[in-house]
Amino acid sequence: MTAMPETVMAVRDLDFAYRTGGRWLKVLDSVSIEIREGEVLGLVGESGCGKSTLAYTLLGYLRSNARVSRGEVLYRGDNVLAMNRTQLDRLRGHRISLVPQNPTTALSPHLRVGRQIAEVLLQHRAVATEDAANDAIVNLFGLVGLPDPERLIRRYPHQLSGGQQQRVCIAMALACDPDLLILDEPTTGLDVTTQSQIISLLADLRQRLGMAMLYVTHDLGVLAQIADRVGVMYAGHMVEVAPVGVLFDAPRHPYTQGLIASVPTVEVEKPVVHALKGLLRRDELPAGCPFQPRCGFAEPSCADDRQTLESIDGGHQVACQRWRAIAPELPTGEDEPHATSVTSGAPLFRFDAVSLSYGGGTMWKRFLESDPIVVVRDVSFDLQPGETLALVGESGSGKSTIARAAAGLLSPIAGGIAFKGEPLPPRVEQRSRAQRREVQFIFQNPDASLNPRARVDQMLARPLAMFFGLARDEIRDRTKQALHDVRLDASYARRFPDELSGGERQRVAIARALVADPQLLLCDEILSALDVSVQANIITLLRRLQAETNVAMLFISHDLAVVRNLAHKVAVLYHGQIMETGDVDELFAPPFHPYTHALLLAVPSIRHRKRKAAPRTEILGAPNNTGCAFAGRCPWQVGAICEEQDPPWRDSGRSNRIRCHHTVDDLQRLAILGIDGPPVSDALHPPNTPKEVT
Amino acid sequence: MSSLDGPATRPNPIARLASLWWRSPQSLKIGSAILVFWVVVAVLGTLWIPYGYAQIRTGLPLEGMSWGHPFGTDQLGRDVFSRVLYGAHIVILLSFAGTVFGLVVGATIGLISAYIGGWLDEVVQRLAEAFIAIPFLVLALLAVATAGPELSGEPGLVIFVVALVYTPRIARMARAAALDIITRDFVTIAKLRGESAWSVMRRELLPNTTGTLLVEFSLRAGYAPALIGALGFLGFGIKAPMPEWGLLISENRALVLIQPITVIGPGLALASLIVGLNMFTEGLARILGRTVRLGER
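Protein chains in written order, with our numbering: chain A, 947 to 1640; chain B, 26 to 322.
Bound conformation, chain B alone (with noise of 0.2 Å):
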């Protein structure tokens, strides 16, 4: 496309950025605007809720909807809605950081696998689908279970369960993208120049993950508060009164048929959340999907 345009007409790349927004799927519009949201409460939730996340009575308990209390209360009479808004940046500081956590790993051991090939290849594959074969839940709770009651419920524990979910799976996404651009001959180009298997990964192949290894971020952090709200609902993730969305669910599941609000409220939060991420990836794999096609030409 830009060579079409000419390369003498690039627009600064503040009008590029807002003609790229203005062309970019309805899908990644609607995504960016449920996270904005989402971030936005997730900082001032901290800051400014109707009432303390731990606050007890702040009215009656199983209080249904009301202006006062838009999600109800629970039985120790918390606000549901606060607890709610608090629990948006533990939320997404979770998946975040574990998603983070796992996308380096994963794509270091995928990129240096790919590389090395050979039976260093076959082995890490091997073990990576071990580890995808057992279902993520089964792993978590082998892997919380390992770690023993002392970590139980830590903030770290939950990062590194999500990052060793992951690993393995963006592991062979790295790996599968690196291998199509080892056989470019830019690569061979470099290899032939003499260079370090590390600067080889560097320079040529991580750049050109990049959009796969984004995609697969942002897929993978879209799973991510699922993942976490199943741990907390079984008790596995952060320990009560934080209130993590999982544990808020399963706390109040008992009162789903007195007062549906406080289970359906955290609930309709983690659904909107997952959504709008799942938005954001879609849209953003079809930008990149189109840029990188018109990059390879």
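With the rest of the complex left out, here is chain A (with noise of 0.2 Å):
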């Protein structure tokens, strides 16, 4: 190695506090970074754990009732929180800039995007004129690789993409080429083939301009495709800093091993997530090292005694008294039972080449309006008791469209869905009080899904008494068995849902729809709001609901990982169509349907590093009205063919059917990814130029 780079920016022990309530909450507890010049940092952790925080403290950025108790922030040796006003716009958007989680809210809605950056620009004198300005932008806009600048700089932020908003904040932080920059969840919004693009973007721009960058994220996976070293931080404490291969391979600290453990992934052949017990309760801290509570290792001196990082070997330090005796591995924890015994008899549920629009309605609305744009397609698929259903896709694929018209929130317009062998009434209204208790829905953010006026009890009781008509005893001792079902304490009964955290809000509604006695849950996205350790929770509470109750799940999901750890069958869809179909471990192995082949690939992956510095553009393609929808954007597109017939079924010989142009031999051929195949390589990526946004 030659000579250490220099430091762009380091913070040394700070402690920091938020004013709640009355009471200084500590957000930040003698934290301390360093970063170098042309390196990623990682910074990992579950949500409320400060990594956020600290991400805006380097920018000096203190809310009003924020303090900094102790500690610095040195940006090449000078403390950005002595700064004065003047100082810190120096330093702000000119040497340190930022890449916010929400691109959307980020741009000014009412500003043409090119003039937003221009803003920036002249504010920091980095071009004289407005025309210098237009240049640097066209220049910039080019980098980020987002097509065709001169026409792009005089859009509104609502003509873009969320993929194209966030290159262009991108290209805004990047304008008065920073020495760092700060990336505060830049890809949490974006589907995964998006995100994929904006990681192989990143990784290109850090190639060619050499920056530093800290990148703050929840998501494992991303920071293994991105960065040099990793710092998890566990309720406002640093517990562990690692180059990132050394973080992956042999985590010391105990959360670190429960946090990547609780990743769920799509390789392994018999997936297991092994989630984390218990949870973080910032008001039972003990005063030694926050994770004792819930620490696997922990012996009782670890409650008293301050935990410092400690210097293991090259550049591995981690915050743990007891690191000597615990083995660098992974824990593994016991096996759920996932339900297996699905048996093939009449499906309990089934849709029927169903077709789905909005915007349809009445008589009267036909005729004054133009034809519905049709968002599902001639969509068929069956579900066995006991059986988990998986949708996947990208958003506006219709996977919510089919969830709410299986809920009867929505009128096919052509098909029809049948349970239990009877056809179901399309419109919940029609639906008899079995059948609207039969079929549960849970949404994806509890936070909107419980009524925030209404105690857990209360939300509990209101559907045992509507189906089953039970008495006031019955009743509370019924609650009391869910909230046991769903693994949360009794006490939790007479509780708001602002008194609950995430993942235990999640639980109530899972709650809420069992006490029901469904026998099919309808599931959309019902993890994606949560942290990754409350989801492998979850995903654990929801297999053994499912052995224990013998319901059948429709589940809604953009994780292909998660769907391969909760799922019996999956269906693929792109566009309001299913691609592919079959066993979810069919599924994840050759032949691919191309669409599902480059959803696969998009997976950041903690086992597959490194991604390399690829594709600029953006990938982006309208979905095709006659022919196969995914023709414009697929790269072993066959020919014409693909844009003027309907592609066939394809039978893979296994389980697992495939709608394509080509033959279930040549997909076998084209597929580069293996279940436990090679790591992702540069020439791999696809082979065909992508069609870029014209």
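Simulated from the structure, these hints should not be mistaken for laboratory data.
No experiment lies behind these values; they were computed from the predicted model shown.
One or more hints might be untrue.
Said to hold, decoys possible - Simulated pairs of lysine to any residue, SDA-like, Cα-Cα distance not exceeding 25 Å:
(1) B/LYS216 / A/ASP1123
(2) B/LYS54 / A/THR966
(3) B/LYS216 / A/GLN1381
(4) B/LYS216 / A/ALA1493
(5) B/LYS216 / A/ALA1364
(6) B/LYS216 / A/ARG1418
(7) B/LYS54 / A/SER1010
(8) A/LYS1366 / B/THR213
(9) A/LYS1366 / B/GLY219
(10) B/LYS216 / A/THR966
(11) B/LYS216 / A/TYR1304
Take the two lone chains, each set in its own frame, and fit them into one complex as the hints suggest.
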């Protein structure tokens, strides 16, 4: 190794607190980090661990209710926290810049995107004139892989896709050629394929520009692709810092081990997630190691002795007094029962050539307005009792629309839905009480699906009273039982939703669905609002509940790894059409539908690390009305036939069916990703040049 | 906030109220103090006033300020101070009753209109707009005129008029608040369960609109004394000799140059009540706005 690169940014012994409810709440507890020239430092941890606070503190950003009681933040030796307004203005956006989590809210909706970047350039005197700014922006857009920059700079944010908006935000952050780029969960709101493109772009940018980055995320898979070193945070403490390879191969801190083990993966043959036990409770933190209450290796003195980062070797630091006693490997938990006894009798639930659209409705509206846009076309599947069918696809693929139709919120414009062998009325109002009881819906966001003004027991009591007409005592017993079933303490019964954590809220939502004793659960992205360790808990819970109650699940998700861990069967949707369907294990093995293949390639994985800087241009194609919906985006396109004729269903010879013009043998040959195949290499990235947006 | 504090450390209700009070905005504290003062006056004023409210010749007519008659005396020698104190409960009761009436009717209409939607919503909203388009005093006078001379001066009529003016305004506010709630998933869950419209409104919508409605209520209650005063001033409110404040100002308006205190006294009373109510409302809105936002997160 040559001489150590210079340190760009250093945080030393930072203590940080927020004032809430009349008390000071410690968010960071003597945290130290160092970012060197050209280095990507990843920060990972569950929500509320203080990682974003740390990131914003690097910018010298303190909310009015915040306090730094100790420590300093040094940019090339100058303390950022001691700077005045003018000095900060010169620093922010110029030497240190930020890529925010949500580009939609980060861009001003009424300014053209070019204008917004020009403001940054002119503010920091990076260019002298508007014309020069324009030229600079065109260059920047080229740099971040936005096609047709001259036209794009005149667009408003809402005219761009989410991925394009994030590229604009990155261009804005790069405008003044900063020394340090702070990325706060920059891909969290994006589709998996878009996320993979953005990460490739960032990898490419850092190769070419050599700038340092601080990448804040909750997603270990993303960090595996891009970071050099990773800092793991827990409850405001830095518990482990290590080079990325060391961290994933030989994690030392029990929390890191648990965190890595709870990440569901797509690769393993029989994947099992291992949940971290317990929950982070800010009010129950011991004086010593914050992780002690949840730690399997803890000894009594852990609760009292402060843990400080201790060097193990070669830049690997861990804050655990027992690290010598802990093997650097992932914990193996108990194997949860995965309900496999799926009978192949009469299906419980069946979608038969269903097409769905929004904005149809009455004759009058059809007469006045143009044809409604069909969002789901000709979708068929069936579900056995006790079986889980996962619907996967990017946003806009019609997954949630299918769930809404199944729940009776949307009438099909063609096709029929059958439940227990009988046709299910399309609208919930027409369904019988028993049908309403037996089909239960769980929403994505528990914040919105729980009435904030109702207590937990009231929410659980309502379905019991409605569907079973139980007396008060029985309701109380069943409520208690339901809370126990979802592993919540009985004392939660009298709480309001805002007194629960996100994972606990989702458990309540699951309990509310389960008290109705349903036969079919419609789960609409129920894990995507939750932290990865909480996700693992809920996956375990759902499997156990399914084994106990034999409930069937229609599980909607964009996360293939979660699907692999939970589902029996999978249907891959693209623009409202099923592209591939089959048993979960078959789906993850070749042959693949080209779209399935693209999705799998895009999944950031902690096993296949270090994505090479790859295609910089936005891949995007308009869905076709004729032929294959995926034709415009397909890397393996056969030819004109794809855009002209509907592809046929092809049987793989095993349980899955693929809708493609390629033969199964061709698809088998084209597939470059086996289950335990080689890491994705540069040469294996999309063989054909992706189509650019025009 | 509570999730950060942790559910385990929930203080007892009294301590919570106390801490809420100490953290509440200044306007709420001042407003509450003024309101408490007037409520005490309204209760005690009927029991204890220096002179009867209709007692004539308590002193010389048209006396100025003095210890015996802080607000002077009117043409009949009635003690204006006693009349103002006695009038407090009339003004407060009428305002309160009228606003509650308007709130109940308005909120019901608003919630139904929002939940049922469709053409019913259209019709109700156009009607409400038509009512709001009429200046409130004109609307009030129309209502009083329609009621006819037999009912004129009855407290019930004044309450009805206040409610009539407020109902469409409150209905619109309730509808707007409910429309925001209706799109939330927990309402969809209730619909999927097959809950009746009434049940959804009572269990899901109403509890989540109380914050908005509470602020709307105290805002409207803050204007009610002015509305009642205006009616009284024009002679369409409570009948003499009941010392309603607007009526009092109207009766004494000829004396404004001779003994200004006889007009300024009741005017100050009316103004301080309205200012108190409005400061209270402003503080309440800030508190609720704060907690509501935190609740939604």
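Inset, instruction - Measure nothing beyond the straight line between the CA atoms of B/LYS216 and A/ARG1418; if it is 25 Å or shorter, mark the hint as holding. - result: Between B/LYS216 and A/ARG1418 the Cα gap is close to 23 Å, so the pair holds against 25 Å.
Inset, instruction - Quickly compare the C-alpha distance for B/LYS216 and A/ALA1364 to 25 Å and report which way the hint goes. - result: Holds - the C-alpha atoms of A/ALA1364 and B/LYS216 are around 21 Å apart, at most 25 Å.
Inset, instruction - Below or equal to 25 Å on CA atoms is what counts here, so check B/LYS54 against A/THR966. - result: Between B/LYS54 and A/THR966 the Cα gap is close to 21 Å, so the pair holds against 25 Å.
Inset, instruction - Quickly compare the C-alpha distance for A/LYS1366 and B/GLY219 to 25 Å and report which way the hint goes. - result: 20 Å, holds
Inset, instruction - For the pair supplied as a hint, B/LYS216 and A/THR966, confirm whether the alpha-carbon distance does not exceed 25 Å. - result: 37 Å, violated
Inset, instruction - Measure nothing beyond the straight line between the CA atoms of A/LYS1366 and B/THR213; if it is 25 Å or shorter, mark the hint as holding. - result: 24 Å, holds
Legend entry - Given pair status - A/SER1010, B/LYS54, alpha carbons within 25 Å: 24 Å, holds
Legend entry - Pairwise hint evaluation, A/TYR1304 against B/LYS216, where the allowed Cα distance is 25 Å at most: 19 Å, holds
Inset, instruction - Mind checking the alpha carbons of B/LYS216 and A/ASP1123 for me, to see if they're no more than 25 Å apart? - result: 54 Å, violated
Inset, instruction - Assess, step by step, whether the Cα of B/LYS216 is no farther than 25 Å from the Cα of A/GLN1381, and give holds or violated. - result: 13 Å, holds
Legend entry - Straight-line alpha-carbon gap B/LYS216 to A/ALA1493, limit 25 Å: It is violated: about 29 Å lies between the C-alpha atoms, which goes past 25 Å.
Violation of the numbered hints given earlier is confined to hints 1, 4 and 10; the remaining hints are satisfied by the structure.
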